[in-house]
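So the protein lines, in turn, are chains B and D.
The C-terminal residue of the first sequence carries number 708 in this note's numbering, and the numbering is unbroken.
The C-terminal residue of the second sequence carries number 275 in this note's numbering, and the numbering is unbroken.
Mixed in with the good hints there might be a few duds.
Which stretches of chain D does chain B cover? Using the computed rule of at least three CB atoms under 8 angstroms from a CB of chain B, they are [claimed, not checked]: (1) 80-87; (2) 141-147; (3) 165-174; (4) 236-249.
Think of the hints as simulated: they come from the structure by calculation, not from any bench.
Just so you know, even glycine gets a beta-carbon here, dropped at the ideal spot from N, CA and C.
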Amino acid sequence: MTDFLAMGGYAAYVWGSFGVTALLVLVEILLLRRRRRTLLRRAGRTKRNVSMGVET
Amino acid sequence: MAVNWFKYSSPASFYPLAGRLIPWFAAAAAVFTVIGLWIGFFVAPTDYQQGEAYRIIYIHVPAAWMSMFVYLVMAAYAALGIVFNTRLSGYMARALAPTGAMFTFVALWTGALWGRPMWGAWWVWDARLTSELILLFLYLGFIALHSAIDDPRRAARASGLLAIVGAVNVPIIYFSVQWWNTLHQGASISLTQAPSMAKTMLAGMLVMAVAAWCYTVAVALARVRCEILERERHADWIGDALARESRS
């Protein structure tokens, strides 16, 4: 396990690459989800279908 | 059989279709990522020259491919939007840009982290690296130009033209390693030559590329739905579509 994490001495380069990529993907997904929720809440308000159970 | 190609070019019919497609592409992206990482870290051997550092390839090459591919798709949608005057094409172009910019940044970032141990430099002004950096600026320029113009139709047209003109940069990136003497190595995969790398390394890279592609489709569809919700919120069909989705 320690051997695996050490990546033959290149740990910072390898995990720096995979880690930052994973982080960016995660941030992109979270930002999109937040944008969608905000828009749905606004649509629910304007279209008055809150009573129909639109997710907010 | 007559297919109405324009049916799904209307936001009203595309919105629910995109909603149904997203979970499939998202699940496929997750599955291919797990398989690709497993091949990349546990099946593929250590490189005899670069040691473990070469494993950056499983992110670097798929990200670089996607950065160019997404740009071409974005420019194609922009062109469709300008020629046929369909709103949805403009939304698609705009939905692709942030993800394309992200992959371009990832290609540059992982390239720097790979270049440092192998070349001894984080960055060199070589043709491949420089043209890829210009690609990042083109994405950012597209996004900025679109948000700088208030009228949505003019914004789509102006940024669409920028996207089309900027497409000339993509073949320059791709062929830069042949046209100029670059520190960057040649193409990883060529259609005319047998692959020079181990089969398992190649497999890992291709699986990761498929994962990146599925991810891009899922994220772009999710973003285009936001785009539609934002621009067409006053349309009558929106309320019905939302009600239908919340019931199912």
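Here is how each hint holds up against the structure:
Coverage of the segment 80-87 of chain D by chain B holds in this model, with 5 residues showing a Cβ closer than 8 angstroms to a Cβ of that chain against a need of three. Here's how the segment 141-147 of chain D fares: 3 of its residues keep a CB closer than 8 angstroms to some CB of chain B, so the rule of at least three is met and the hint holds. Coverage of the segment 165-174 of chain D by chain B is violated. Counting CB-CB distances below 8 angstroms, 0 residues qualify, and the rule asks for three or more. By the rule of at least three residues with a Cβ nearer than 8 angstroms to a Cβ of chain B, the coverage given for the segment 236-249 of chain D holds, with 3 such residues.
Checked against the numbered hints given earlier, the structure breaks only hint 3 and satisfies all the rest.
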